[in-house]
Structures are given as structure tokens and as C-alpha cells.
Amino acid sequence: MMEKMIFGRYIPGDSFVHRLDPRSKLLFVFAFIVIVFLANNTITYVLLLAFTIGVILLSRIRLYFLINGLKPVIFLMIFTFLIHILFTREGTVLIDWGFLKVYEEGLKQGIFISIRFLVLVFMTSVLTLTTSPISITDGVETLLGPFKKVKLPVHELALMMSISLRFIPTLMDETDKIMKAQMARGSDLSAGSLKDRLKAVVPLLVPLFVSAFKRAEDLATAMEVRGYRGGEGRTRYRQLKWDVSDTLAIASLVVMAVLLVYFRN
Amino acid sequence: MTEILSFNQVTFSYTPEVPEVRNAVEDVTFTVNEGEWVAIVGHNGSGKSTLAKLMSGLLFPNNGEVRIMRDVLTEENLWEMRSHIGMVFQNPDNQFVGATVQDDVAFSLENNGVPYKEMVERVHQSLQQVKMEKFLDHEPHHLSGGQKQRVAIAGALAMQPKILILDEATSMLDPLGREEVLQTVQSLREKTGLTVLSITHDLEEAMLADHVLFMNEGKKYAEGTPEKIFALGDKLVDLGLDLPFAMKMTKLLQAQGVQLVGQHITEEELVNDLWTSNFNK
Numbered sequence: 001m002m003e004k005m006i007f008g009r010y011i012p013g014d015s016f017v018h019r020l021d022p023r024s025k026l027l028f029v030f031a032f033i034v035i036v037f038l039a040n041n042t043i044t045y046v047l048l049l050a051f052t053i054g055v056i057l058l059s060r061i062r063l064y065f066l067i068n069g070l071k072p073v074i075f076l077m078i079f080t081f082l083i084h085i086l087f088t089r090e091g092t093v094l095i096d097w098g099f100l101k102v103y104e105e106g107l108k109q110g111i112f113i114s115i116r117f118l119v120l121v122f123m124t125s126v127l128t129l130t131t132s133p134i135s136i137t138d139g140v141e142t143l144l145g146p147f148k149k150v151k152l153p154v155h156e157l158a159l160m161m162s163i164s165l166r167f168i169p170t171l172m173d174e175t176d177k178i179m180k181a182q183m184a185r186g187s188d189l190s191a192g193s194l195k196d197r198l199k200a201v202v203p204l205l206v207p208l209f210v211s212a213f214k215r216a217e218d219l220a221t222a223m224e225v226r227g228y229r230g231g232e233g234r235t236r237y238r239q240l241k242w243d244v245s246d247t248l249a250i251a252s253l254v255v256m257a258v259l260l261v262y263f264r265n
Numbered sequence: 001m002t003e004i005l006s007f008n009q010v011t012f013s014y015t016p017e018v019p020e021v022r023n024a025v026e027d028v029t030f031t032v033n034e035g036e037w038v039a040i041v042g043h044n045g046s047g048k049s050t051l052a053k054l055m056s057g058l059l060f061p062n063n064g065e066v067r068i069m070r071d072v073l074t075e076e077n078l079w080e081m082r083s084h085i086g087m088v089f090q091n092p093d094n095q096f097v098g099a100t101v102q103d104d105v106a107f108s109l110e111n112n113g114v115p116y117k118e119m120v121e122r123v124h125q126s127l128q129q130v131k132m133e134k135f136l137d138h139e140p141h142h143l144s145g146g147q148k149q150r151v152a153i154a155g156a157l158a159m160q161p162k163i164l165i166l167d168e169a170t171s172m173l174d175p176l177g178r179e180e181v182l183q184t185v186q187s188l189r190e191k192t193g194l195t196v197l198s199i200t201h202d203l204e205e206a207m208l209a210d211h212v213l214f215m216n217e218g219k220k221y222a223e224g225t226p227e228k229i230f231a232l233g234d235k236l237v238d239l240g241l242d243l244p245f246a247m248k249m250t251k252l253l254q255a256q257g258v259q260l261v262g263q264h265i266t267e268e269e270l271v272n273d274l275w276t277s278n279f280n281k
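Protein chains in written order, with full-length UniProt numbering: chain G, 1 to 265; chain D, 1 to 281.
Some hints could be false.
[Said to hold, decoys possible] Going by beta-carbon spacing under 7 Å, a handful of chain D positions derived as facing chain G:
(1) R82
(2) M87
(3) F89
(4) N94
(5) A106
(6) E110
(7) N111
(8) N112
(9) G113
(10) M119
[Said to hold, decoys possible] Capping the alpha-carbon separation at 35 Å, the derived lysine-lysine pairs in DSBU-like fashion look like this:
(11) K220/D with K251/D
(12) K117/D with K241/G
(13) K151/G with K117/D
I should point out that these hints are in silico values taken from the structure, not numbers from a laboratory. Built from N, CA and C at the ideal position, the CB exists for glycine as well.
Okay, chain G solo, but in the shape it has when bound (with noise of 0.2 Å):
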């Protein structure tokens, strides 16, 4: 249950992809997002998806955890696939069957936003599976550092994000521990109808709020024993290093950009 539940399911490696500094790779995924909306002719995503290929084989992840990523929104995918075949009518008629008719432009629009979402959804999963979590919240800890001037608590909520990060596994034990002293005591959690397992839950939940009450103060206590009184004068034992192959990375999203531009229509 646990593995399923944490979100990103970083997977440990040693690609380019991977040792490539957080902070690059976020504001790559951020500019990548942006640079997708480029493309509106068959070059320009062909491009796109040739690119978004060369970084998933430089990451060297399985395809399997990429296609997991992308379970959530096949729906979506189909759904506004379909919608295009079935509404744009421009060009020429492909098939006609009476009551439904699919038009050129209206295939060719639907694998257009298909691609669309494929890309994006493979980069920010390359993104989240090369990248721990706790790199990930050192990256925009310090992306979003110029943002303190305007009083953006940007220390403590990297603070508070890397601290539940830390305790998930744990409070997983604990619901798991919780779960098993009140199936002892005869609760069924897996039968009955859905407001019977609602219900069952709620003898699960109350525990757990407690116990995670408790050790917020037990933690709070223990951090201020060793001295944490907040973000100023504080230093950072993880360094984040900007490597050549980090320019790298981003010189080869400016030069995909400058394509993008020169090619769309």
C-alpha cells in the first residue's frame, strides 16, 4: 500500500538525467510546459515528441513507470480525442457514415492534443521519477528564494514540506498498526456497504489525528532543543551544484524553443 501511495515514486538511477541539479530540472519541466503550447502544425509536434523521446531514453526509466503516470489521465486523453474527431469539421471528409461524419482537420487536431498531453505528461513524470522529493523541495526552496522579499515564508514551507515527507512512511505504519488493533477488535473495513465503511473509518482516523498531534509536539520540542529558531542565519548542509550539463539542459530547451517558433505557422 505504502509504495503505491507515495507520490512521484522517485526511482533511484544514475543517468545524466538524474544527477542534473534540481533546480535546473524544475525550471526545464516549467519552461517545457510552456514551450508545448508552441506547436500547432505537424513539424512543430513532431519535433516536440522527438525531443520529449531523447530525454526519456537520456533518463534511461523504464517504460512501464511512465505509462503508470500516465493511468490518471487516459481518460482525459480519449475523451478530448474523441471530442475533436466528432466537432471540428474542416477539410476533407474521411469517413461518412450518415449521422457521423470525421473530417481531416478533426483527426489531425485530436493527435495533435493527444501529443499535447502525452509530452507533458511523460516530462513533469521524468521530472518527478529522476528526482527525490527531497531534492525536489531543495529546488524550489531556492527558486523561490528572491520571493522572500515580498514576505513569502519560503524557508519554513520548504521546511514543513520536506518535515511530512519525511513522516509519511512513518504515519503509514502507524495507519497500518491502527488498522490491524481495530479489525482485532472485530471492525470490518473491507465489507458492507459504502456508508458501513465510512463509518469504520472513523475509528481509524481518530487515532491517528492524535498520535500525529502528539508527535508534532514531540518533534516541535525536539527541534527546538537542537536550536531551530527559523530560516535566518541558518546554513544548508544540502548544496545544490549548477553544472555545465545543467546549462546544457537548458540551452537545448532555448534552441527546441527557437525551432518551435520558427516552424509553427
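Guided by the hints, dock chain D onto chain G, whose structure is given.
Same frame as chain G, now just chain D:
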């Protein structure tokens, strides 16, 4: 002998406005000298956890003073004083802040603004001291309770504290984990002469100390070497402490008429006495 920590007639109440409620700590005076291992024992509600909070500045006494390195602990010097104290708490999970072992050890160094290079050195060094250097990148949920507590000790050592306070640090561990942690503390003391103060209700742990402080209902009930404290025998039981197994066994054997000489605190002593007991006849 240099004084590291002392309590001078410290009184503390969680509810000072209600005088009927007894003080959590009343008129406690004691001194911990450099290089000593002092144990504070007492059953639940004897005020020993409050003592821990008073010495780490989480609470301040209503009366009397707490001195660390001969300076009175006040709100002003609190953060500096805390950097002299390394503290390990009861629950191994609830004091693990970092995502991995090395992040957690570095936590207090980060808080105190130690430069990066020195941080790396100190993290490795303190993990070596507790023999956890092979677990640098391990995540807490892949460690046993004893290992987590050793990491917590390393986290405390990284700040190069003058005194290590163990606040019931072994009470949630299984016997093996407990042994592991106590051995780590003992070998640390042998190598570095670290001052240790352990707060515990486990008398076997208290036996390792040079000096024992016995708390009851917020007051200091007795004080002295472990032998002296254990000589109280039945009184300890009456006040809610559990005697070490060897002591209980000795009593039972003596009641059965086996000739044993005196009280035996450790199993080894008891065994040695037992197998020679017939020679004395």
C-alpha cells in the same frame, strides 16, 4: 572538578496559581561535574521529565536557578546554553527531523550556522563515534529503534556538547536496541570522557552511572552511588521502581535459604556468588 550543570533549590509548578496542586519539582539541588555519569531515577510523575525540561530551557523555574557551565540559564542566554547541551528524547521517530541520517545529524549544525565544509566533517565524525557511518543516506523508516537513537546521539554530538542528556532514551526500545544504545554511550564515555545525565526508570541503566539521584513526588528522595541507592531495597519497590532481575532473584534465593553474600545488582555477580555459595559452608 569542573561543574557542568547544577540545580540550586529549584522549584517548579505547572499551575503556580493553584497552591493546592503539589509542585512538579520542589527544592531540588544537585550538581553534575565534568566527566560524570549521573542518573536520575523515579517512577512516572516523580518530576524527572520536568527536570529535563528545566535544564534544556523549555521551562524556567519558579524559584531557584539552573546553571549550565556555571552560568545561570536565562531567556537571554538560552540559545547559547542549548548549544552546550545534547539531548536525546524518548520516542526515536518523533525526534528525527531530517530526510536521511546525515541530514538529521546536520540539523542542529544548520541551525547554528556552521559553515558547509565544517558541517560535512562533523557529521561524518559524529556518525563514526556512534558507528553509524555506513548509514549516511538511509531513511529513518529503514532503521531500527536502536539505530535511530544512535543517530539522535550523533546529532547531539555534532554540536560538541559539554553534556549529553538522555531523557528516557531507551524506554521505547527492545532489549537489543537498549543494549546497543547503552553500549554506545559507554564507549563514548571511555573515549571522550563525555558527561552524561540519564533520566530513566530503568534501574539497570541507572546501575551504569557514577551517581544516582532518586526522585519521588517532585522531591529528591535519596542520592548517592548506585550501591547506596540499591541498598534501599524494598523502599525502591514501594516507591514504584522495578528492581533489576538479579536483585529480585537474590532476594528470592535468600528467602529459600540459599547462602548469598549481600545484594547482587548484576546477573554476573549473582552467578559468581551462586556457583561458589556451597564452598562457604
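Evaluation of the provided hints:
1. Taking 7 Å as the C-beta cut-off, the interface hint given for R82/D holds, the closest approach to chain G being about 6 Å.
2. With 7 Å as the threshold, the beta carbon of M87/D comes within range of chain G, its nearest partner Cβ sitting at about 5 Å, so the hint holds.
3. The criterion of a C-beta within 7 Å of any C-beta in chain G is met by F89/D, whose closest approach is roughly 6 Å, and the hint holds.
4. Taking 7 Å as the C-beta contact cut-off toward chain G, the hint placing N94/D at the interface holds, the least distance being around 4 Å.
5. Hint status for A106/D relative to chain G: holds, with the closest Cβ pair at about 4 Å, below 7 Å.
6. The beta carbon of E110/D is positioned within 7 Å of a beta carbon in chain G (closest approach about 5 Å), and the interface hint is therefore held.
7. The closest approach between the C-beta of N111/D and any C-beta of chain G is roughly 4 Å, which is under the 7 Å cut-off, so the hint is satisfied.
8. For N112/D, the interface hint holds, the least distance from its beta-carbon to any beta-carbon of chain G being 5 Å, beneath 7 Å.
9. Taking 7 Å as the C-beta cut-off, the interface hint given for G113/D holds, the closest approach to chain G being about 5 Å.
10. At about 6 Å, the closest approach between the beta carbon of M119/D and any beta carbon in chain G falls short of 7 Å, and the interface hint on this residue holds.
11. Under the criterion of a C-alpha separation no larger than 35 Å, the hint pairing K220/D with K251/D is consistent with the structure, at around 26 Å.
12. Under the criterion of a C-alpha separation no larger than 35 Å, the hint pairing K117/D with K241/G is consistent with the structure, at around 15 Å.
13. At roughly 30 Å between alpha-carbon atoms, K151/G and K117/D fall within 35 Å of each other, so this suggested pair holds.
Consistency note: the structure conflicts with none of the earlier hints.
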